[in-house]
Each structure stands twice: as C-alpha cells, then as structure tokens.
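Trainee: One-letter residues, chain by chain:
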Amino acid sequence: MRRGLIVGAAVAVAALALAGCSAGGGTSNGKVTISYLVDNAPLTTATTKTFVAAFEKAYPNITVKVESRAQGADGDNIVKTKLATGSMDDVFQYNSGSQIQGDHPDQTLVDLSGEAWAKDVTKDFKASVAGTKKGAVYGAPWGTTFAGGIMYNTKVYDKLGLKVPTTWDEFISNSQKIKAAGIAPILQTFGDTWTSQLFVLADFANINAKDANWAADYTANKSDAKYAKQPGLLGFQYTSEVFQKGLVNDDYASLTNANGLKDLAAGTAAQYPMITIVISTLKQSNPDQVNDIGYFAIPTSDGSAPHMTIWEPNALYIPKSTTGAKLDAAKKLLAFANSSKGCEIQASAQLVTGPFSTTACKLPSDVLPLVKDEQKYQDAGNTGSALEFLSPIKGPNLEKILIQVATGQATAAQGAALYDQDVKAQAQQLGIKGW
Amino acid sequence: MTTINIPVQSVSAPPRPDGRARKARSIYPSWFYIPAIALYVVFFAVPTFASFYFSLTRWSLFDATFIGFDNFVTFFQNPQLFNGFIHTFEYGFVTSGAKVVLGLALALLLTSPVIGRGYLRAVVFFPVLVSTIGVGFVFKSLLDPFHGVVNAVLGVLHLPQPGWFTDPNMALWTIAGVDVWKGVGIATLIFMAGIVAIPQEYIEAARMDGASSWRLFRSVILPLSRPAMGTVIILSLIGGLRSFDIIWATTNGGPGFASDVIASVIYKQYQAGFFGLSTAGNVILFLVVTAIMVPVSRFINRREVEL
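Sequence lines, in order, name chains A and B.
Throughout, the numbering used here is defined as the position within the first sequence, counted from one, plus 616.
Throughout, the numbering used here is defined as the position within the second sequence, counted from one, plus 475.
It should be emphasised that the hints constitute simulated quantities derived from the structure, not laboratory data.
Do not rely on the hints blindly, as some may be mistaken.
What the hints assert, rightly or not - Partner residues aside, some chain A positions facing chain B, computed with beta carbon under 10 Å: (1) 701; (2) 719; (3) 871; (4) 1016; (5) 1018; (6) 1024.
Said to hold, decoys possible - Here are some chain A residues pointing at chain B (derived, C-beta under 8 Å): (7) 723; (8) 1025; (9) 1034; (10) 1037.
All C-beta atoms, glycine included, are put in the ideal place defined by N, C-alpha and C.
Given only the sequences and the hints, what does the whole structure look like? Please build it.
Mentor: And the structure:
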C-alpha cells in the first residue's frame, strides 16, 4: 500500500513537471504562432481583435496569440520585468518616449531602422523610440498623436455664454461662473492616479515656447531648469490653486477616469484637464455626446499665446528574445500595422484624436470637433512635444506627489521640490551624465 | 528460591571523560540533512546576503555601482519614504493590539455556552480564509465615499459620511480596521485553544472560593493563557509590520503617500526601477522586524507560566 502511494506520488510529480514546460508556439509545417502583449483597456482589446483578425487573414500561416497586461504603473512594472528577464512576448505594444527609454532599448529591443516603413515615420516619433545607438529606431507607431490640455463641454460654455480662455485668470473666472451655475467647474479623478499629472505635463509646451533649451538643461541637471523654479513651478501652482479655491468636483478623490468622462459628457462637469486620447473611451460610453467636447490648451499666466502639448502615439516593439521564424512573423505584423490596411484599421477601430506619426497614414475627412480644435493649434504652429519625448528622465512618483498637492497635503513648492528629488533619483538610476 | 539480582548492563556507551552526556546516536546518517541545507542555502541564505550587498549599490539588474550607504540615507531623508517607515510602526502595533484584545474577548465568548456557538465560530473565522486581495477590492467598493453601501446607510441614518479610503488622515486607520476584521479569526482560534486547555479544576476551585467572573478572568484565565497570548502577539506583530496585500488592494499607499508602509514603499521603488533602493528598504524592514521581535519574544517566553 505504501509502495503504491510512493509510486503514485512520483508519477504525479513527474506529470506536474512536464505540464510546467511551457506550451510555447513553435513552428511546425510552416505555421508560426507569435504572442502579442497589449494592455487591458476595453478599447485596446477591441482594436487589437480587429487588427489581429485582418492580419491573420492576410497571412494565413501566422497565428497571433493576444496576451493582456495591466495598465498604468503596474503595467510599466510588468513590461520592465519581462524585458529585464528576457521573458517578454514576441511583440508588444507600449508607450514611446521616456517609458521605453528607461528599459535600456539598445540591450533589449530589435533595431527596426532597416524596415521599409521606417522612412515614412516622422522625425519626432523616431526621437521618441530611439536609444543611445545612433540612427536606431526601436518601435513602429501605433495610433495617432494626441494632445494634453483642457477638454471642455461646449454646450455648457454656450449656455453660460463663456469664451475659450487664453490666460489663467480668464480660466479661473470662467470656472467660478460655472460653479455659480451649479456645475462642477474642473474635474479631478484621482480614482485613476495618473490623471493628476495633467496641469504639469500639459503646460510643458508653454514652457518650451518661452525657453527652447529647457528640456536640454533639465536633462543636463542645470540649476535653472528645475520644477521648484519658474516656469516649471507653474503647473504645480495651478494644481494646488484649483483645489484651494474649491473649483473641483466633490468626488475628486475617488472618481475614476471613465466615470469622470461620463460626467463631462452629461454636462454635470464642465472642464477636464486631460489627454485627448480618452475621447475614444467617451465615444464608447456616451456616443451621442462625443461632438459636444472641445479642446483648448492650458492657458498662460503671462499673456503669451497658449501652446498645445503633443504626445506621440504608442509603439509596437520586438524584444531581442524573439528570433528566427517568429522574428520574421513579428516584423510582418509591424509592417502590416503601417500599411494602408493597417492605417485604415487604426483610423476606424480607434477614434482619431490627432494627426498620425507616419506619412503612410492619412487623416479621414470626418474627424471630431475635438480634433478640429487641435488642428487649429497645429495650423498656427503653437505646438510642442511633451517633455517625455524630449528628455529620457521622468520621475516615477509625479502622480502621487501631485495628488498630495491636489488634496492639500503639500504645497506647490513642497511638491515641486520633492519631484526634483525624484527626478534626480531617476537620472542617477539611468546613469545619465551630470547627475 | 533466591532471586538473583543480575545487575543490568548499561547498553549505552560509558560516560565521556569531560562529564558531558553523550548525544544519542541517530540511526540516520547526517547526509540526510544535505537536501534541506542545500535548498535553505540557495533560496534563503544566499538571497539574504546578496540583498545586503545590493542594498549598498545602485542596481539596474544589468549592472550594480557601489554607492555605500546612500540608499539608506535617501530612505531616511526622503519624506515620502520616511513617512512609510513611521506608518509601519503605527499600523503594526495598532492592528496587533486590536487583534489581541478583540481575539481574547471573542474567545471568551465563544468558549462559553452561548446560543449558536458553532455558527458564530464559523462567522468569526471565515474572513481568515478569504483572499486578501478579494477582501481589499470588496471593501474598497463598500467604503466608496459616494457610491458605497456603508456611506449610503450612514446617510439614511443622518450620520457623517467620511471618506474612508480617500481622506488622507483616515486611510491608514480604515485599512487597519479591515485588516483586524480579516485577521481576528486566527487570534480567536489560538486564544480558544489556550482557554480550553486550562484544567477545569482551577476554574471550579476559583468558583468555589466565590470568585466573580471578572476575578476569574483576571486571576485564572488571563495568566494561564499567556502562551496563547505570546503566540498571538508575535504572529500578529510580525504580520502587521510586514503587511502589504491589503494596503495595495485598497489604496495603493494613497491618497498620495498617506497610507504607505515600508512594504508598499519597497514595492513602489521596485516598480520605479530603483532596485538598489528597494533592496535597501527590504534590509531595513528585516532589521526593524528582528529588532522588535527578538526582545518581544524573549520577554514573552520568559514570563510564560509553566502549567
């Protein structure tokens, strides 16, 4: 009896060990399976499904297995760990800019500068998926650019007879009139912590317009380019001021981004410091009100023309751990994304929130009023890339520090000083010279 | 017939010349220890010592630059990190104290003849079995300040509706409350085992001498459940100082940094890619828990009353 038990246990252990061997897709009779990692936002899941179906139709020998990961800081963590341990999926979608540059792209990603589509990509985008190796391009653009600033409900503005503000004082006085009418003037949604950063991040084009060297000085640790000093301090002061003046919604501490957008669409809130890419979420939840949302850039404090801060789109990357037939299949996937069929899917499956980053894709003619507002800034030349595309350093704790400032736990000056320390830690960790 | 007393030959070996008793020879050779030692060294000893080394470096998983005690200095100078350190002590001692007091009270109740004792025992113990992350998410939605059930009920009763997890002053204590709800079952269980182990003679004798319930508790039950109390204090204090899951599932250490403890600070530094700093946090946590627990457990074990 005891011997039978021992034999049974040995068999069970052996079976467990064999089952543990990953059933990874291999190549058998010409068929390749590659795995594709995307985040779990509802829109991403829907778009990816359409994209993968079209790709598999065009390439019947390739199967794409879609894996999903968390968004936000947890997602960053997953990508960072998978790349560092060499266990990343065959293709993955992720932010461009400082996020991917912090993951040592020269050591972890495949250089795509030799691909056919690479020459159509804009210079700004190439800079945002570069490493330290000259001329290397590590990502293919996925999606359109988008802008950061204030998304506002045009119906509320029309009803109260308000004009789009170009100075900060006008913005505050508009907000006070909106509050008097019983509508939440400025939305804050700290249920999703990343949304606290907008006053600081979306103001960067204004800083850049005044001082084109700010980003370079900031990366080189020059003492003038610090958030504790003007003009960097402005964003922190704005965040603190709207809270201190009681111009935010009551449920600022727990409201989520998706629910906040519903409030904005319904007109119970009027203005939302946000990135315009979320209009796609709003289209899913309030499709009838998507044309009521407009955009204006963060107003300035010194009367100069407000500039629109642009974010480069996400990118598709291939880690160095993908080799052989899988590498070819993965490269085909990236090429398909930048082909006319791929552009069509990007433009129709996900809402266009700004111009594309590659000349291979054209803007459709029936874009939203929001995008038309963005186009005005583009046409006037009043734009600037967000800081994360001009500098590899972004302190990881900005969202939490800004929540401290935005809930009154810290002053703007304290928050800015803390963030400068955070930036220093990140720069030292990345091994950047001069820190 | 005379009985012959044959002196029994001692089968054990003659006494050692230095007077110390010879260790009993085990029938298993000491080679049997090797697998266990190997596993322990590889999975526990080596990482612990490696982490002592890496906490003195700036580490990016690809390379490590030696920077001495800079990580520890950062930890204590940076207000975000230092507050986490202070919160850990507040959280650990409060949850441990609450679990001891409530656990003992519930154990007394559940070892006395109450109606539905079996059902009450199950109800008290069931939170221990549920996943901590699940508990965190459920309470997060129950205690939502505007849409949660709890505040809706308080609103109906015209009571104040606080921001349980969103008020920076309240967040940590709300989490402590949830943690106590979840963990008091184990404390109750251990106390019940301790109380039930008290011989009935003592209790009968005390009752016969006319002891009131309170006197019975203070002079008989409390001293004789010292071993159980020691166990509960040690387990809940260690768990409380190291607590992470419940804090992460409810507030992520927020709002801002208001409910951060060392464990969540360590995790955040790891998320940010500051692996050296995160390891330094781990070393600090290890030293803090050891520094608290070694004297506490020695104090408790020395005061234990032998039954």
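Trainee: Compare the structure with the hints numbered earlier in the document and write down the numbers of the violated ones, lowest to highest.
Mentor: none
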